Amino acid sequence: MMNRLIATLVVSTFALAAAARAEDKPAKVTVGYLNLVNAQLVTKHLGLLGKEMPGVDIKYVKVGGGGDMLRAIAGNDVDFGGLGNPPTAIGATRALPIKGILVINLLDYVEAMVVRTDKNITSLKDLKGKTVAAPFGSTTHYLLLQALKDEGVDPASMKILDLAPSDIAAAWLRGDIDAAWFWEPNLDKAVKNGGKILITSGEMTKRGYPTWDIGVVMNAFAEKYPSYVEKFIKAECEGIDFWLKNPEKTAEIIAEELSLPLPDATRMMKGTGMVPCSKQLTEEYLGTSAKKGKFVDTLISTADFLVKQERLPKLLPRADFEAFLQPAYLEKVIGR
Amino acid sequence: MSVEASPMDVPISTDRTRRGQPKLRLPKISRSFLLSSLTVALLLAAWTVVTEMGWANELFLPKPQAVWAAFVKTMTKGYQGATLLQHLGASLYRILTAFALACLVGIPLGVLMGVSGNARALLNPLIEFYRPLPPLGLYTLLVMWLGIGESSKLSLLFLAGLPGIVISTIQAVTSVDPVYVRAAQSLGATRRHLLFHVYLPAAGPLILAGMRISLGFTYTVLVAAEIVAASAGIGWMIWDAAKFLLSDVVIMGLIVLGLTGVVLDLTMRGIARLLMPWART
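Chains as they are written, first to last, in the numbering used here: chain A, 1 to 336; chain C, 1 to 281.
Hint data in this document are derived by calculation from the structure and do not stem from the laboratory. Quick caveat, the model's predicted, so the values are computed rather than measured. Note that beta-carbon positions come from the ideal geometry of N, C-alpha and C, so glycine has one too. Any given hint could be a false lead.
Stated by the list, open to error - Quick look at which bits of chain A chain C covers, simulated, 3 or more residues with Cβ under 8 Å: (1) 163–170; (2) 305–315.
Stated by the list, open to error - Per the computed footprint, the stretches of chain A lying under chain C, defined by three or more beta-carbons under 8 Å from a beta-carbon of chain C, are: (3) 87–97; (4) 129–141.
As the list claims (entries may be wrong) - Calculated pairs, EDC-like style, for lysine to aspartate or glutamate (alpha carbon to alpha carbon, straight line, at most 20 Å): (5) Lys270/A - Asp108/A; (6) Lys77/C - Glu310/A; (7) Lys130/A - Glu150/C; (8) Lys73/C - Glu310/A; (9) Lys192/A - Asp118/A; (10) Lys159/A - Glu150/C; (11) Lys130/A - Asp154/A.
I would like the entire structure built from these sequences, with the hints used as guidance.
Have a look at this one:
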């Protein structure tokens, strides 16, 4: 019985491998993209991925936040995904079969903590006894806890709820929550309905807690179709270049993709930091294959924080985080 | 599943006890208990072998020791600010409150619909319509209407439990032998007498069976109810741990949920036997 099972497995593996060699082209590529404002929307809107991969069925799946993206990756539901640094630290620590290949965006005021104007909240200390929401496991949940810790405010002194960004917006409109740290396009709905910004993720970057989103690829896909990883990066880089060179047109695209008024789309766009691909291989970001950049440090400090929060079992050695970042594909695209 | 197998035979043996053969009870239980233990042991052994041999990715299927360690840690140190018992308490509070409400509303409603054809015709469309609705679909609407607090969670659990009780109460009442009713009427029973001395005692066992099913339904919706904006509860703990890929906590939570479900069901049976010794539950 067991033998037959193994035999079947072996045969089917060979068959798959043979098929892959014969084609060297995936039939379908699934891209999980985060529901936020970045150049992936441009790439998607302009169909840049399709141009790089003719004849491949490209499927885009919108994912609410990092926690859901981790589940999608663990369930092998996507080929490419995007993750903020906390979910990336979780994924790397739990040895998810993914590699970080590209900086999707840096998080500035596109993410922020909004507080209810009529509640007289002027500092984090005023949050005591209030109800605060954040999508657990995401960048903003991480920053919320980090900021509370820095100001010496006990998280247990308030009610911190786990809500998806769209649910936060709904709960805000109903008046169920007093404060929330989350991101555009939903953040704006709270600000426009009796909210004001208390602190942004960009300010936390200045305090030494940078947050960013990184593009990841499933290991199995990268091993099978390495050239398609490069094609993916190339398409995303074109999207980033378009974003940087054509801000007006980009704002129009975002407005259309997210069904937003143009001024809102423009503002949200400016709250997102875009790194041109040519600069991503510097010390500040991914670094090179030979010498990995500061993203490794951010991942380690994020993981360390999550370990102290008992969200992760143990802090892995630096080498594991370095191995997680793979600038090699981007290096090939840039031609270094 | 396997754990549930053993109590299945209990009522039969209780019957025997009542007939005055208490000695038969022990071997009966231990036999079924042995068989059930065998299933559990086999499952545990398979789990251990698969994980020890490294056939399963530990991310998806952690070792039994890891799950046990997660259990001990959650019992003593807690998971995210609450110990396992506190999580369990929060969930049980939700389930039992919602279930009690479902019984308080469902049983009178069922009796009414069972006795009066008009009431049944009036209310049936409502119950038949929402009964098959998937709980998560219903939940989004409940959250919009009632907010993210306890009330939407309790309502979801309540709505999950209600139809089971109503439908089985209707069945119970309509299946009461008319001979009982006529006999009581010929002895001069009033409507009140009929309800409390004929309908309810005769329908009681079936109503209780419906309550057990309904408690089960309420239980299955628990995780869904605790996904939105909870900060304690077994369902929330499982959901939260999944976000951080803590599969040991997830599996531990599921085992606790399963065992608690069995205990709840056994308690219901115990109450049934106590209240209605004439019934074979």
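Results for each hint:
{"no.": "1", "hint": "163–170", "verdict": "holds (count 3)"}
{"no.": "2", "hint": "305–315", "verdict": "holds (count 5)"}
{"no.": "3", "hint": "87–97", "verdict": "holds (count 5)"}
{"no.": "4", "hint": "129–141", "verdict": "holds (count 3)"}
{"no.": "5", "hint": "Lys270/A - Asp108/A", "verdict": "8 Å, holds"}
{"no.": "6", "hint": "Lys77/C - Glu310/A", "verdict": "11 Å, holds"}
{"no.": "7", "hint": "Lys130/A - Glu150/C", "verdict": "16 Å, holds"}
{"no.": "8", "hint": "Lys73/C - Glu310/A", "verdict": "11 Å, holds"}
{"no.": "9", "hint": "Lys192/A - Asp118/A", "verdict": "13 Å, holds"}
{"no.": "10", "hint": "Lys159/A - Glu150/C", "verdict": "14 Å, holds"}
{"no.": "11", "hint": "Lys130/A - Asp154/A", "verdict": "12 Å, holds"}
In terms of the numbered hints stated before, the structure departs from none.
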